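Engineer: This is what each chain is made of:
Number of protein chains: 2
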Amino acid sequence: MLISGKDIAKRLRAELGDKAADLKAKHGITPGLATVLVGNDPASHSYVRMKRKACEELGIASFHHELPADTPQADVEKLVSELNADATVHGILVQLPLPDHINEKEVLDLISISKDVDGFHPMNIGMLAMKGREPHFLPCTPHGVMVMLHEAGVDLNGKNAVVLGRSNIVGIPVALLLMHANATVTIAHSRTQNLQEVCKNADILIAAVGRAEMVKGDWVKPGAVVIDVGVNRVDDDTRERGYRLVGDVDTDAVEAVASAVSPVPGGVGPMTIAMLMSNTFTSAEASLAQKA
Amino acid sequence: MLISGKDIAKRLRAELGDKAADLKAKHGITPGLATVLVGNDPASHSYVRMKRKACEELGIASFHHELPADTPQADVEKLVSELNADATVHGILVQLPLPDHINEKEVLDLISISKDVDGFHPMNIGMLAMKGREPHFLPCTPHGVMVMLHEAGVDLNGKNAVVLGRSNIVGIPVALLLMHANATVTIAHSRTQNLQEVCKNADILIAAVGRAEMVKGDWVKPGAVVIDVGVNRVDDDTRERGYRLVGDVDTDAVEAVASAVSPVPGGVGPMTIAMLMSNTFTSAEASLAQKA
Numbered sequence: 022m023l024i025s026g027k028d029i030a031k032r033l034r035a036e037l038g039d040k041a042a043d044l045k046a047k048h049g050i051t052p053g054l055a056t057v058l059v060g061n062d063p064a065s066h067s068y069v070r071m072k073r074k075a076c077e078e079l080g081i082a083s084f085h086h087e088l089p090a091d092t093p094q095a096d097v098e099k100l101v102s103e104l105n106a107d108a109t110v111h112g113i114l115v116q117l118p119l120p121d122h123i124n125e126k127e128v129l130d131l132i133s134i135s136k137d138v139d140g141f142h143p144m145n146i147g148m149l150a151m152k153g154r155e156p157h158f159l160p161c162t163p164h165g166v167m168v169m170l171h172e173a174g175v176d177l178n179g180k181n182a183v184v185l186g187r188s189n190i191v192g193i194p195v196a197l198l199l200m201h202a203n204a205t206v207t208i209a210h211s212r213t214q215n216l217q218e219v220c221k222n223a224d225i226l227i228a229a230v231g232r233a234e235m236v237k238g239d240w241v242k243p244g245a246v247v248i249d250v251g252v253n254r255v256d257d258d259t260r261e262r263g264y265r266l267v268g269d270v271d272t273d274a275v276e277a278v279a280s281a282v283s284p285v286p287g288g289v290g291p292m293t294i295a296m297l298m299s300n301t302f303t304s305a306e307a308s309l310a311q312k313a
Numbered sequence: 022m023l024i025s026g027k028d029i030a031k032r033l034r035a036e037l038g039d040k041a042a043d044l045k046a047k048h049g050i051t052p053g054l055a056t057v058l059v060g061n062d063p064a065s066h067s068y069v070r071m072k073r074k075a076c077e078e079l080g081i082a083s084f085h086h087e088l089p090a091d092t093p094q095a096d097v098e099k100l101v102s103e104l105n106a107d108a109t110v111h112g113i114l115v116q117l118p119l120p121d122h123i124n125e126k127e128v129l130d131l132i133s134i135s136k137d138v139d140g141f142h143p144m145n146i147g148m149l150a151m152k153g154r155e156p157h158f159l160p161c162t163p164h165g166v167m168v169m170l171h172e173a174g175v176d177l178n179g180k181n182a183v184v185l186g187r188s189n190i191v192g193i194p195v196a197l198l199l200m201h202a203n204a205t206v207t208i209a210h211s212r213t214q215n216l217q218e219v220c221k222n223a224d225i226l227i228a229a230v231g232r233a234e235m236v237k238g239d240w241v242k243p244g245a246v247v248i249d250v251g252v253n254r255v256d257d258d259t260r261e262r263g264y265r266l267v268g269d270v271d272t273d274a275v276e277a278v279a280s281a282v283s284p285v286p287g288g289v290g291p292m293t294i295a296m297l298m299s300n301t302f303t304s305a306e307a308s309l310a311q312k313a
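Residue numbers (this note's numbering), protein chains in the order written: chain A, 22 to 313; chain B, 22 to 313.
For reference, chain A alone in the conformation it holds in the complex (with noise of 0.2 Å):
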């Protein structure tokens, strides 16, 4: 079975459309995400056009900021900081990575917790990881991944779930939701001895690597489900572009053993969108409440 994130994603877009629609007709609030991009990098530029195409078809409002690669430190945090006191702002989202010579963390910890939708800040990290806290928004990715496991009907309590991969983005914060979802969990990486078998015990296999295809056949569990976060380019000749986006998992050969696993495109990709579309609605609903 494939987890389609695609399909899943669709319908959650438009439960939000509604839900936004109404939230606009009853409160006159329309959620409103700012984007930031730094620069001139192309996959950026690539992933802030799709999330602006996700606001449009939603009605959210999308509040676009794009700034010269060369620009100085202190300018971007001057923008976020206008973003953070803004009211129709409800969410900002600085694109990474930003060049070289921005501090990265200094930009993000200024961003305001009630608008961090990415759910990057420490703070929010911190509230996620520890139990009886609850986060202000749950990272994009991580969350994508655990409504797939939730809407194809995975049973998590007790099973072994292992998470190749332990990035501040997905690998760390996903395995922290799988442990309070009563997963007994491993996080797996390239330091791992003997990562095939660890991989092979898993009950629930989530790759976030980004190794083209690294998670074979035979490293899978059969029956197990597997969820590949990872977005690679590999060289193909055939394609226009001369490369095609496999994940890090080579899914034809995982499908034969998996009970089910999410594809590459069209699995995680869609989901982080759909949650960040989430979280910006959220966000607009609890700025209602704050007001009320």
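Keep in mind the hints are simulated off the structure, nothing from the lab.
Treat the numbers as computed from the prediction; the structure is a model and nothing was measured.
Among the hints, a few may not be true.
Same chains, same label: a pair holds when it works inside one copy or across any pair of copies.
[Unchecked claim] Think about it this way: if two alpha-carbon atoms lie no more than 30 Å apart in a straight line, the pair counts; the simulated DSS-like pairs of lysine-lysine are:
1. 221 x 242
2. 221 x 152
3. 237 x 126
4. 40 x 312
5. 45 x 242
6. 74 x 237
7. 99 x 47
Dock chain B against chain A, hints included.
Structural biologist: The following block gives chain B in isolation, referenced to the frame of chain A:
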């Protein structure tokens, strides 16, 4: 081999005492730890007494505040705010648990993160979780565990570390520290299926689950290193006080299988206090750097 936290802590305390004397001689600064104790819990009183005794031994000033069990939330918060503003206080320890009518989270979140020597603030836990971030302070017990592993010469790189327990103050932070130290980390807990098998797969086993002598000899891989964080009372009529303290590990049985195990008492307990002293000293040093 027994890993004597008591001996390691003794050496660390001696080193810290020398450093504190040096800080006072050169800069006229005495590190200061404020302890806040609300109510009459005997165990809490005993813990705070040990911490204050360690301060005294090391030449760290101890400012103790004892409040009645029915102290209103506002008064506890007022005290914390005053301690935040007091330049002679470098560390603030609010002894847990607080009485039921007090919102523990709100009190803990109020402690300035530059004085949060327990390391429990969500911002601090977030920075501990994230790659490329440095928390102000490492939480005392998890830090103590890491120092014990280091002192015992344990190689963590790529090894299977299993953390039994997922508490905010031990399990979660120690799992994150082991992950940053390049271990492959599994967090197991009450819901874990085949718990014995998971534990038996560990090269390094951290027991922090709060069940007396739960980890038996046949739960441990031959040659593994076992750190016992548990402190449990079991009835014992042969003792004057009617109980004895045991860990989460059946020490005698495990010692015969493991290459090293930490005892209870005399293991993690003394390390926790030494790390609290270390954090208080570090905070005093940092206050000096801020003045310069």
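Engineer: State for each hint whether it applies.
Structural biologist: Status of the hints after comparison with the structure:
{"no.": "1", "hint": "221 x 242", "in the structure": "both (5 Å within a copy, 20 Å between copies)"}
{"no.": "2", "hint": "221 x 152", "in the structure": "both (29 Å within a copy, 26 Å between copies)"}
{"no.": "3", "hint": "237 x 126", "in the structure": "neither (35 Å within a copy, 45 Å between copies)"}
{"no.": "4", "hint": "40 x 312", "in the structure": "within (19 Å within a copy, 52 Å between copies)"}
{"no.": "5", "hint": "45 x 242", "in the structure": "neither (48 Å within a copy, 61 Å between copies)"}
{"no.": "6", "hint": "74 x 237", "in the structure": "neither (35 Å within a copy, 58 Å between copies)"}
{"no.": "7", "hint": "99 x 47", "in the structure": "neither (34 Å within a copy, 41 Å between copies)"}
Comparing the model with each earlier hint shows violations of hints 3, 5, 6, 7; every other hint is respected.
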